[in-house]
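Asks: Between the sequences and the hints, there should be enough to build the whole structure, so can you do that?
Residue numbers (this note's numbering): 15 to 178.
It is worth saying that the hints were derived from the structure and are not from the lab.
One or more hints might be untrue.
As the list claims (entries may be wrong) - Pair by pair, the computed Cβ-Cβ distance ranges are:
1. Gln-120 to Gly-82: 31 to 41 Å
2. Phe-143 to Ser-54: 32 to 42 Å
3. Ala-110 to Val-155: 40 to 50 Å
4. Thr-96 to Thr-117: 28 to 38 Å
5. Lys-84 to Val-173: 35 to 45 Å
6. Phe-143 to Ala-119: 29 to 39 Å
Quick reminder that beta carbons are idealized off the backbone N, C-alpha and C, glycines included.
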Amino acid sequence: MKVNRIAAGAGALALSVTTLGVALGSFGSPAGASSTHGASFTQLQQQLEQQIANRQARLANLTKDVAGAKSLTSAHATLLNTRLSAETTNIAALAAKVPTDTTNAQLSADRSAMLSDNRVYAVMTPQVFQTIEADSISAQVTTLQADEAGLQSEVAALVGQPGY
15 MKVNRIAAGA
25 GALALSVTTL
35 GVALGSFGSP
45 AGASSTHGAS
55 FTQLQQQLEQ
65 QIANRQARLA
75 NLTKDVAGAK
85 SLTSAHATLL
95 NTRLSAETTN
105 IAALAAKVPT
115 DTTNAQLSAD
125 RSAMLSDNRV
135 YAVMTPQVFQ
145 TIEADSISAQ
155 VTTLQADEAG
165 LQSEVAALVG
175 QPGY
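Replies: Structure (structure tokens):
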């Protein structure tokens with residue numbers, strides 16, 4: 015199996031269509047069918063381990079983003095940290111389990127759990143980014159509202175002067 019990686023600033027994340035086809039063919043089959051399209055059990059296990067490791071790294075980065083957010087409210091920080099902690103715990107459990115899997119059915123179940131129970135890319139990443147951005151905008155609005163009275167008095171002081 016040939017894996018083509020596209021190097022990007024954030025790292026090599028994109029896999030070629032052929033590799034994606036192998037991953038979907040081996041794990042995406044209905045009723046646990048074990049079509050591997052030429053990929054060995056060890057290769058599938060290593061792919062799943064890499065996907066889990068990528069998610070662990072992503073969760074660590076999201077946790078750093080939450081910790082570094084200056085405008086995040088304490089309620090939102092607590093909520094995001096709780097959710098990130100739960101995701102991190104679940105992914106860590108999968109990371110410990112996958113190397114001990116001995117069948118394609120076990121790998122398929124673990125992959126399914128990774129994708130459906132731990133929505134790192136589809137749910138947590140946008141949720142963290144959008145919450146941080148919304149709280150940042152809210153803080154900016156609060157600052158502008160606090161400056162409103164001062165700005166209004168400055169405008170009132172200019173009435174009748176040249177250039178008004």
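Asks: Range first: 28 to 38 Å. Now tell me if the beta carbons of Thr-96 and Thr-117 are that far apart.
Replies: 34 Å, holds
Asks: Evaluate the given range 31 to 41 Å for the C-beta pair formed by Gln-120 and Gly-82.
Replies: 38 Å, holds
Asks: With 35 to 45 Å as the target window, see if Lys-84 and Val-173 comply at their CB atoms.
Replies: The hinted range 35 to 45 Å holds for Lys-84 and Val-173, with Cβ atoms some 38 Å apart.
Asks: For the pair Ala-110 and Val-155, does the Cβ-Cβ distance stay inside 40 to 50 Å?
Replies: 45 Å, holds
Asks: Assuming the hint says 32 to 42 Å, is it satisfied by the Cβ distance from Phe-143 to Ser-54 or not?
Replies: 38 Å, holds
Asks: That 29 to 39 Å hint for Phe-143 and Ala-119 (C-beta), does it hold up?
Replies: 36 Å, holds
Checked against the numbered hints given earlier, this structure breaks none of them.
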